[in-house]
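Novice: For this one, chain B is given, so just place chain H on it according to the hints.
Residue numbers (the working numbering), protein chains in the order written: chain B, 30 to 316; chain H, 30 to 316.
It is possible that part of the hints are untrue.
[Said to hold, decoys possible] The list that follows gives simulated cross-link-like pairs (lysine-lysine, DSS-like), each with its CA atoms no further than 30 angstroms apart:
#, chain 1, residue 1, chain 2, residue 2
1, B, K103, H, K167
2, H, K282, B, K285
3, H, K231, B, K301
4, H, K167, H, K134
5, B, K85, B, K63
6, H, K134, H, K63
7, B, K134, B, K114
8, H, K284, B, K103
[To be verified] Which residues of chain H face chain B? A few of them, derived with a C-beta cut under 7 angstroms, are:
#, residue
9, F87
10, S219
11, V226
12, S241
13, T247
14, E263
15, Q292
These aren't lab readings, by the way, just hints derived from the structure by calculation. Even glycine gets a Cβ: it sits at the ideal position worked out from N, Cα and C.
2 protein chains.
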Amino acid sequence: MTIAIFGLGLIGGSVALELRTRSLGTLRILGVEKNPHHAQEAVQLSLVDALVEEDKAFAEADIVILAIPVNTIKENLNRFLDEIKSGQVIVDMGSTKRHICSSVKDHINRSRYVAAHPLAGTEFSGPKAAHLDLFKGKKNIICESEKSDSDALEMALKVFEFLGLENLYLSAEDHDKHMAYVSHLSHISSFTLSLTVQEIEKDEKQIFNLASTGFASTARLAKSNANTWGQIFEANSEYLLEAIDLYINNLNKFKKSLVDQDQEHSKSLMLKANDISRVLDGINFNH
Amino acid sequence: MTIAIFGLGLIGGSVALELRTRSLGTLRILGVEKNPHHAQEAVQLSLVDALVEEDKAFAEADIVILAIPVNTIKENLNRFLDEIKSGQVIVDMGSTKRHICSSVKDHINRSRYVAAHPLAGTEFSGPKAAHLDLFKGKKNIICESEKSDSDALEMALKVFEFLGLENLYLSAEDHDKHMAYVSHLSHISSFTLSLTVQEIEKDEKQIFNLASTGFASTARLAKSNANTWGQIFEANSEYLLEAIDLYINNLNKFKKSLVDQDQEHSKSLMLKANDISRVLDGINFNH
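Here chain B stands alone, though its shape is the one from the complex (with noise of 0.2 angstroms):
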């Protein structure tokens, strides 16, 4: 069997040496990377057996897996599903689902593709980032998954359970709601906070001494890849603006509560806030 796997980041890199360093069988992954940098890098950890262009990984793959920002996603499906031959399948693993998904909507071959979203990212990014066990236990998103052929769903099924991930199913428009607050918001949140802080800090020295770790826990996406992030954000503007001003309200809340010197409300406040323990102790934070 072969796999091909384009973008070779986090997450392309971390299926490709999944799938290298622990597959049964003969099984050959190639590569495809328009990042020079990134290409060099991917060959150098020895990510894939070969890195190719587009149309050889067409001609030769089984599956193909795209790992490549959600505009690029988005921008050039239509064309890989034009190309594709009868057996072969594509799965993405974009971040938002709901514009990809539309945009390939009426294509005649879009029972060949499988949309998905394994919630594996992390605040680095590019071929180095990429490890073993970065999808184990991981929760994948499946979207659409009634518009996908039986064949094709289970051939990605067992590329996702090779990769100890664990299915949800979710239509597009929930995945890419939900999402807006439960992974973009924090981004924003975290994005925003480094920038206040920067501000008001002019002096890095400073802000090293006086961070806690709860600072460098609340900040730590705010490493996250910007072109990566932008895209993300642009595709899901719509609910993310929502989840923006949700969460300006409730900021507004906590300010009023300052104002008026009115502790009883702030608590009230953070109590109802400490209800989110429960959900935080279950999360697995292997990666």
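Specialist: For chain H alone, kept in the frame of chain B given last:
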């Protein structure tokens, strides 16, 4: 030597544990704990040699360490300074310093007081959260050290050194200003993220399924104790309100970039936010 610790939660309990477990020579640790549930836990965990009333603590201790909520420190510090005898020292470990220091600025025994803030808080609280090495390698901010007698400061420094803290010196004003941005704002943003996600995701199971480690990291501080933080926010409301306004201002920049579909703008914000990496990569995550 006898050390009395007022408040046996995360901070006070960890000081007690460190002193009880690792000190050489004869050291007696007295605990003052008004919360009966915490008092019982402290006894079960053998955090102190004895639980005593305030008057006994002041009668017997060489050093009194205050690890109680910041309002309680402010409300009682004058009275505590009334009670101390020559040679005794009071050290506080509260997370805000301006209101506390200013409340005792004219007290005749001011020089027997050392104002400190070990940056060792976590999202956990209570005696059960106490653990060894909480302070190891962490920063400790000492405020208005010039107002403490040199022998009082020296005694406090011995305790800080024993705990493994690294001391920094700031004015109470500067401490509170920096903390508003680097610590208190992180908590506000985390509490707010939790509230917002819970408003949309009524089903905890759904949040659990969809939350990645990124969300868990950003929302971690939302588990923090509402009473402790209600007091901190109120004591530092002036600077914290400034910080929240600046934060909302930066959020609005992200909003604008989304409304305008201006990916270059959002990317430039994120690239600037990425600069925090250099700081974060150096933070000591030992806790």
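Novice: None of the hints should be skipped; say for each whether it holds.
Specialist: Hint check:
Between K103 (chain B) and K167 (chain H) the alpha-carbon distance is near 47 angstroms, which puts this suggested pair outside the 30 angstroms criterion. For the given pair, K282 (chain H) sits about 22 angstroms from K285 (chain B) by alpha-carbon distance, which is consistent with the 30 angstroms threshold. Only pairs whose Cα atoms come within 30 angstroms are accepted, and K231 (chain H) paired with K301 (chain B) is accepted, the gap being roughly 13 angstroms. Proposed proximity of K167 (chain H) and K134 (chain H) is supported: the alpha carbons are some 28 angstroms apart, at most 30 angstroms.
At roughly 14 angstroms between alpha-carbon atoms, K85 (chain B) and K63 (chain B) fall within 30 angstroms of each other, so this suggested pair holds. For a cut-off of 30 angstroms, the pair hint linking K134 (chain H) to K63 (chain H) stands: about 27 angstroms separates their Cα positions. For the suggested pair K134 (chain B) and K114 (chain B), the alpha carbons sit about 18 angstroms apart, so the restraint of at most 30 angstroms is met. This hinted pair checks out: K284 (chain H) and K103 (chain B) have alpha carbons roughly 23 angstroms apart, not beyond 30 angstroms.
Given hint, F87 (chain H) at the interface with chain B, is violated; its Cβ is 29 angstroms from that chain's nearest Cβ, farther than 7 angstroms. Hint on S219 (chain H) holds. Least Cβ distance to chain B is approximately 5 angstroms, under the 7 angstroms limit. Because the closest C-beta pair between V226 (chain H) and chain B is about 5 angstroms apart, less than 7 angstroms, the hint holds. The interface hint given for S241 (chain H) is met, as the beta carbon of that residue sits about 4 angstroms from the closest beta carbon of chain B, less than 7 angstroms.
Because the smallest distance between the Cβ of T247 (chain H) and any Cβ of chain B comes to about 4 angstroms, under 7 angstroms, the interface hint for this residue holds. For E263 (chain H), the interface hint holds, since its Cβ comes within 7 angstroms of a Cβ in chain B; the closest pair sits about 5 angstroms apart. This hint holds: Q292 (chain H) has a C-beta 5 angstroms from the nearest C-beta of chain B, less than the 7 angstroms allowed.
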